[in-house]
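Protein sequences, first through last, are from chains D and L. With my numbering applied, the first sequence covers 1 to 300. With my numbering applied, the second sequence covers 1 to 275.
Treat each hint with caution, since some may be false.
[What the hints assert, rightly or not] Take a look, some chain D residues computed to stay more than 10 Å from chain L by CB distance:
1) Ile26
2) Ile166
3) Ile286
[What the hints assert, rightly or not] Cross-link-like lysine-lysine pairs, in silico, BS3-like; alpha carbons within 27 Å at most:
4) D/Lys3 - L/Lys68
5) L/Lys125 - D/Lys8
6) D/Lys3 - L/Lys60
7) L/Lys50 - L/Lys155
8) D/Lys8 - L/Lys246
9) L/Lys60 - L/Lys50
10) L/Lys155 - D/Lys3
11) L/Lys246 - L/Lys29
12) D/Lys95 - D/Lys110
13) D/Lys8 - L/Lys50
14) L/Lys94 - D/Lys110
15) L/Lys68 - D/Lys8
16) L/Lys94 - D/Lys146
17) D/Lys8 - L/Lys60
18) L/Lys155 - L/Lys94
Just so you know, these hints were derived from the structure itself, not from any lab. Keep in mind it's a predicted model, so treat the numbers as computed, not measured. Quick reminder that beta carbons are idealized off the backbone N, C-alpha and C, glycines included.
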Amino acid sequence: MKKDTGNKIRMGIFISLGIALFLVGIYFIGERQQIFRSTFRVSGVFKDVGGLQAGNNVRLLGVNVGTIDNISLLSDTSVKVEIVIDESIRKFIKKNAFASIGSEGLIGNKVLIINPGTGDEVGIENIDIIQTVQPINLEDILISLKTTSDNAAHITSDLSNIAANIQSGKGTIGRLLMDTSMSQNIDSIFVNLQEGSAEFNNLINNAKNGFSKNLDSTLVSLEDILISLKTTSDNAFHITSELSNITDNIQSGKGTIGRLLIDPSMAQNLDSILVNLHEGLTSFKILTKEAKNSWLLWGF
Amino acid sequence: MEQSQNQHHEAEIIPEAFSRTISDSLINKFFLEISSLTIFTLRFFKEVFKPPYEFSELIKQFFLIGYKSLPLVGITGFIIGLVLTIQSRPTLEKFGAVSWLPTMVAVSIIREIGPVITALIYAGKVGSGIGAELASMNVSEQIDAMQVSGTNPFKYLIVTRVVSTTLMLPVLVVFADAVGLFGSLVGVNLRGDVSGHLFFSQVFQNLEYNDLFPAFIKTFFFGFAVGLIGCYKGFNSNTGTEGVGKAANSAVVFSSLMVFLIDVVAVQITSLFQN
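Looking at chain L on its own, in the form it has when it is part of the complex (with noise of 0.2 Å):
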């Protein structure tokens, strides 16, 4: 009796310990990641100021990361801008208002949409791509060679990733904008006939640097997240093919989470400024 009041106080004991030990190791995981996460980017701003600069690859990687990218990008933006001018027809209609139609898709794309999109793309395509990337060189062991070499794999990895992601971005965005407004001009004069001088008058006629420069500031962070976090996912990943599936997957959704994040930030700090 004695004994199997003792076996059913310890199968109450067991599962409570067990759960704590669980929650205590993703509260530690997740600490750890963001501790990590911290010496990671501090080690990038370390190397990116200090010579020698990989230069060549850094091209490359400009290539690779920003030039390989427009097509898709450049179709994402046609069809936002397109789609966005479609939605908006109805409502404007209601109040009188299709003569709007440009101004208010253009302001949308500029301000918001453009940067936002292009920096899913971005993290879909440029995130995943370096993330399994660095996995799969860490998992043939290619970056333990490349220390061994004398290579300095930070460097020549990382620093040109990220750097490229940073400055291609804000150049893929112009170019979304502006096929976003081309889109937009094609679903104007699909129920209408606006000329393109008019639709591009219309546009800039309520625009301000306002709208511009803020929206552009911020897609240099976005770019910055993505390329940092998938090098992070991609150069700390467990050895084993399963780590570059779960580098690739997790560097997408992280840096898609980043770039909400950031954006949140940057509509504060703009309207603070604005205001």
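Looking at chain D on its own, in the form it has when it is part of the complex (with noise of 0.2 Å):
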């Protein structure tokens, strides 16, 4: 018989706790949807609610304070969407505060994000309608992306390219770093261009010295030695002026950079502007040379 109480008891016990548990769960499951506080409600009306769902949360500056207590399509372009918050909460919420919609991560359930409101507004009511803000479709976020990735993969290409060209000595920029026979050229063309100068002085002084002896009868000679000095020269002065202005171009980023650096015809021309210069000076000192040894200068 006092075994009998004694399991009559335990059976309590176990039956009165397995309920307890059950109630407990109850509560806290009711607790998260506001079924056992005091709340309020307000609306907000939106064109696209991004899979919203009637139990979501509803965020005040992070914190939970409600749920989406249902959602209904109110005409084929919005959207209602019923909120129930805690009434403790009433007081921060002011009536030009602002409801949107966010995600609690990428694949996480998505919330409604309550703005509270300028402080100087009045709080708002039980019923009253929420100002919204369209939410921002990740697929939205996601072909912008894209495009940008697109264009960065595009740059970083043809910035592999142009260095691969400058590199390997390719285009003006490449041949001008690596090409180390373009600065001999430029080397040479100087040396040829002061010694030619040189001569021609000396050449040019000798004939003021001799000129009026020998005037008439090397004045046929002379003057085919200087019309023959006068292309010479009319030469260097537009191969000189043809390299000022591929110089000018250069320093001031006239053309395309990618003509600059790509096109190898640029180079070409710069090559055959030296190979002309100093194959003009190269004859040019021939010829004052000549002249030097003519007879027709003998004396002077």
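From these two lone chains plus the hints, build me the complex, please.
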């Protein structure tokens, strides 16, 4: 009999505990859904709720303060979202508060985020309609990100090609930076110019001193030499002006960088200019030597 | 020559007729079983509301079926919660969603694993126990003796046991769920540091009544099926010691199968209401 009573007591404790646990579960689930609290309702109209569901959380400054009670279509372009919020939070939400739809994470649930509004406005009332901000669609963000990343890939690919071209000495900048023959050519041009101008100077001086003595006899030959000299100097002027134009263009950044970098014809042009100049000056040197040794100028 | 042909013909006919008889008898046996189980169930509903009520036996069965099953159900629930948490962690880690572990495990335990695993343990312990007990009473003619002495054996033995299994399983499932959640808390803290407050806050954050009530309601049906089948198998067992083992075995097998069938139907009905 005593054992029977003990069993019954244990039975009673077992069942009571089971029921208590069940009720605790019901309470905590209900607590989250604001069932056992005093609440107030507001609603908002969205064009697109982006997957928001009844039961999702409502957040104010990152704190869960309510839940979505109901979502219903008002028309083909608007959705009404009814929100239940804890009454004790009402004093913090102003009339000009607005709601937007956010996400708990990349794979998380949607949440309704309430911006409380400015401090001067009066508090929101029960069954008020809250202003809304249309949600940013994740797909739009992804499309925008894809375009940006495509562009970045294109730019880096171009930069990579440019760097490779410069490294391999292609294009003007590439040749300027990598090709040693360019600097040698320029050096030899200046040496030739120096020598040519010195000899030309001597020739003019000599011509000045003896000009009056054999003027008549040498006039024709001198004229020929001068014509030849003029042509040579014209050529030299033409070459140097071209060179000047090219350097000006490089300095002022005219023309496309791509052409400067990629187009090998520029470098070839420069090459031919330098060759012409070189040849012109060489022929000028030869001419001045010949003129010096000519019998027509003996005595000068 | 003619005689040997006749013998050969007879040899062909006999196995065919034999196999037809066996298949016919299996089909008949199946339908006979369905029919007698239906009659047994209807008799239960007839007897359950009719006085006199066997309260003292009912309380005794509550104790034996419910309270005595608590340690087994508790250990099972704890291990299920712990293992489910440990097993789910690597998958959630791949998605960077380890913080969802308490929620995921809680929904799994409360919606499905808690009720079904507890019902299967219950079928193994209680269903077989009832089947073997009633079958041995049948063998030793105690049921007949009860009838002779003026006690309604159906009311005294069957109704009390089926009511007990129906009402005790939901209580056990609540315990199993609670202990399973504690097991999950231990599992989470094996490779992390989550306080009990945070864990249960996350558990209840995403649970809804839609998760709790359908799972709770279906446990009554599980309990009813386990009790009814155990009683049916024991009450209708063959006389002889062989019948006792057979009754216990078939009670477990059939009631476990019924648990899954009820679960499928319950899930369909629940999803119908949720949508």
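Here's how the hints hold up against the structure:
1. Not every beta carbon of chain L lies more than 10 Å from that of isoleucine 26 of chain D, the smallest distance being close to 7 Å; the non-interface claim is violated.
2. Against chain L, the non-interface label of isoleucine 166 of chain D holds: every CB pair exceeds 10 Å, the least being about 42 Å.
3. A cut-off of 10 Å between C-beta atoms confirms that isoleucine 286 of chain D is not in contact with chain L; the least separation is 81 Å.
4. Using a Cα cut-off of 27 Å, the hinted pair lysine 3 of chain D and lysine 68 of chain L holds, with the two alpha carbons roughly 15 Å apart.
5. For the proposed pair lysine 125 of chain L and lysine 8 of chain D, the alpha carbon gap of about 21 Å is at most 27 Å, so the pair holds.
6. At roughly 12 Å between alpha-carbon atoms, lysine 3 of chain D and lysine 60 of chain L fall within 27 Å of each other, so this suggested pair holds.
7. The straight-line distance between the Cα atoms of lysine 50 of chain L and lysine 155 of chain L is roughly 9 Å, inside the 27 Å bound, and the hint therefore holds.
8. Straight-line distance between C-alpha atoms of lysine 8 of chain D and lysine 246 of chain L comes to about 33 Å, which puts the hinted pair past the 27 Å bound.
9. With a CA separation close to 20 Å, the supplied pair lysine 60 of chain L and lysine 50 of chain L stays within the 27 Å bound.
10. A distance of roughly 25 Å separates the Cα atoms of lysine 155 of chain L and lysine 3 of chain D; the hinted pair therefore holds under the 27 Å criterion.
11. Note on lysine 246 of chain L and lysine 29 of chain L: the hinted pairing holds, with a Cα-Cα distance of about 16 Å set against a maximum of 27 Å.
12. The suggested pairing of lysine 95 of chain D with lysine 110 of chain D holds, with an alpha-carbon distance near 24 Å, which does not exceed 27 Å.
13. As the CA atoms of lysine 8 of chain D and lysine 50 of chain L are separated by approximately 25 Å, the hinted pair is consistent with the 27 Å bound.
14. Restraint check: the Cα-Cα separation between lysine 94 of chain L and lysine 110 of chain D comes to about 22 Å, which is no more than 27 Å; the hinted pair holds.
15. For the hint pairing lysine 68 of chain L with lysine 8 of chain D, the CA-to-CA distance comes to about 12 Å; that is within 27 Å, so the pair holds.
16. For the hint pairing lysine 94 of chain L with lysine 146 of chain D, the CA-to-CA distance comes to about 24 Å; that is within 27 Å, so the pair holds.
17. Restraint check for lysine 8 of chain D and lysine 60 of chain L: the C-alpha separation of about 8 Å stays at or below 27 Å, so the hint holds.
18. Between lysine 155 of chain L and lysine 94 of chain L, the direct Cα distance comes to roughly 57 Å. Violation of the 27 Å bound is thereby established for this hinted pair.
Hints 1, 8, 18, counting from the list given before, are not met by this structure.
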